[in-house]
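Novice: Based on the sequences and whatever the hints tell you, model everything.
Residue numbers (the numbering used here): 149 to 370.
Because the hints were derived from the structure by calculation, they are not lab data. Check before you lean on any hint, since a few could be wrong.
Said to hold, decoys possible - Once the Cα atoms are required to be at most 30 Å apart in a straight line, the calculated DSS-like pairs of lysine-lysine come out as:
{"hint": "1", "residue 1": "K352", "residue 2": "K272"}
{"hint": "2", "residue 1": "K151", "residue 2": "K307"}
{"hint": "3", "residue 1": "K345", "residue 2": "K267"}
{"hint": "4", "residue 1": "K345", "residue 2": "K159"}
{"hint": "5", "residue 1": "K210", "residue 2": "K155"}
{"hint": "6", "residue 1": "K159", "residue 2": "K238"}
{"hint": "7", "residue 1": "K159", "residue 2": "K267"}
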Amino acid sequence: MIKEFTKGLWKENPVLVLLLGMCPTLGVTSSATNGLGMGVATMFVLLGSNAVVSLIRNIVPKKIRIPVYIVIIATFVTMIDLSMQAYAPKELYDALGLFIPLIVVNCVVLGRAEAFASKNGVAKSVMDGLGMGLGFTMALVALGGVREFLAGGSLFQIKLIPGWTTDFMLWTSAPGAFIILGLFLAGMNALNIKKAKKEGRGYKPASMDCSTCNICDMEEGK
Numbered sequence: 149m150i151k152e153f154t155k156g157l158w159k160e161n162p163v164l165v166l167l168l169g170m171c172p173t174l175g176v177t178s179s180a181t182n183g184l185g186m187g188v189a190t191m192f193v194l195l196g197s198n199a200v201v202s203l204i205r206n207i208v209p210k211k212i213r214i215p216v217y218i219v220i221i222a223t224f225v226t227m228i229d230l231s232m233q234a235y236a237p238k239e240l241y242d243a244l245g246l247f248i249p250l251i252v253v254n255c256v257v258l259g260r261a262e263a264f265a266s267k268n269g270v271a272k273s274v275m276d277g278l279g280m281g282l283g284f285t286m287a288l289v290a291l292g293g294v295r296e297f298l299a300g301g302s303l304f305q306i307k308l309i310p311g312w313t314t315d316f317m318l319w320t321s322a323p324g325a326f327i328i329l330g331l332f333l334a335g336m337n338a339l340n341i342k343k344a345k346k347e348g349r350g351y352k353p354a355s356m357d358c359s360t361c362n363i364c365d366m367e368e369g370k
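Specialist: As structure tokens, then:
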């Protein structure tokens with residue numbers, strides 16, 4: 149079960165390796181606080197949906213499994229949305245805005261429900277959800293932290309460098325998000341390639357394509 153937990157942190161990180169969940173990754177990571185809030189919300193949904201999907205995996209007809217999974221995910225998203233609306237700081241809830249309801253169609257959540265939870269027991273599915281959720285959160289906090297620091301010299305809204313200019317608004321905009329994400333991906337690939345060479349093997353990035361997917365009928369005909 150340790151393997152199910154750790155793979156989402158690095159080897160199969162949903163953002164930096166599988167490139168999943170790009171919409172919230174680019175949309176809400178203007179600060180570390182926003183990244184943390186979005187990551188924790190997504191992790192809660194991942195944990196809950198993985199557990200429930202695993203419990204009912206043997207009783208849900210195959211042809212309707214995807215709509216059933218979406219209803220389950222939507223239930224947990226509604227729970228976290230209402231909880232954040234009631235208890236989270238208003239600034240954080242307003243900043244995340246529409247991205248919280250959009251967790252329903254987040255490919256990280258639906259992908260783990262279909263690719264893993266529907267085929268494994270509850271304990272493994274929960275560990276998978278926890279690892280993927282934590283990896284997703286770490287990536288969002290890192291991206292948000294770098295962008296927030298470059299834009300204003302602060303981290304988690306704490307000023308680290310007094311007098312740092314606030315004119316670098318590129319880093320809190322969409323182009324800045326793409327630039328920082330690209331640098332993160334380049335660094336991630338460089339580390340993995342270096343590690344592979346050190347171990348005397350070729351580096352093959354993890355992927356999510358038709359060869360590894362089993363959601364649609366194309367896979368069933370292979």
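Novice: Failing hints, ascending?
Specialist: Of the numbered hints given earlier, those the structure breaks are 2, 3, 6, listed in rising order.
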